[in-house]
Amino acid sequence: MAIDANIILSVVLGRRSRPVFERVVEHRTVVTSARAAEEVRNVLTRFPEDRKRAEALLNGIGIVEEGVYAGLLENAAKVLTNAVASRNGSPADAHLLACAWTFDADLWSHDRDFAGTSWVSWSNANLNGSLAPDPA
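In the working numbering, the protein residues as written are 225 to 360.
Hints were generated in silico from the structure; no laboratory data involved. Note that the coordinates shown come from a computational prediction; the quantities given were computed from them, not determined experimentally. Glycine residues also receive a C-beta, built at the ideal position from the N, C-alpha and C atoms. Some clues are possibly wrong.
DEER-style ranges, computed between Cβ atoms [as the list claims (entries may be wrong)]:
no. : residue 1 : residue 2 : range
1   : Asp274    : Ser342    : 14 to 22 angstroms
2   : Glu250    : Phe327    : 16 to 24 angstroms
3   : Asn299    : Glu279    : 25 to 33 angstroms
4   : Phe327    : Ser354    : 27 to 35 angstroms
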């Protein structure tokens, strides 16, 4: 599972996302791009206690350096740009899509940018529902 900065921040700063995160890491390997990790650190620069929690969380998941997925960045940017019907999508999250492609991993994000990329992406609610116990 390739996790976006917005999910990491929601786990660190909120209460509702943490239980979902804890369930996911029990069942799946979780990685993020180095750029997403840096985004989390930058957002929390002025909040030392939150940054400590973020660092602990980041230390528990795989942080993938850009060199690992660099060859896929250009194509990921094109896919994101063309994914939305208006074809004016932002390629800003190409790093995360390329990271997910590298590991054949689903995406976990609250961004809608990934819709139309033909790559599986999950929100907290949908992912949590997929991890629910099977009915007896």
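Open item on the list: Are any of the numbered hints broken by this structure? If so, which, sorted upward?
Closed with: Hint check: 1 and 4 fail, others pass.
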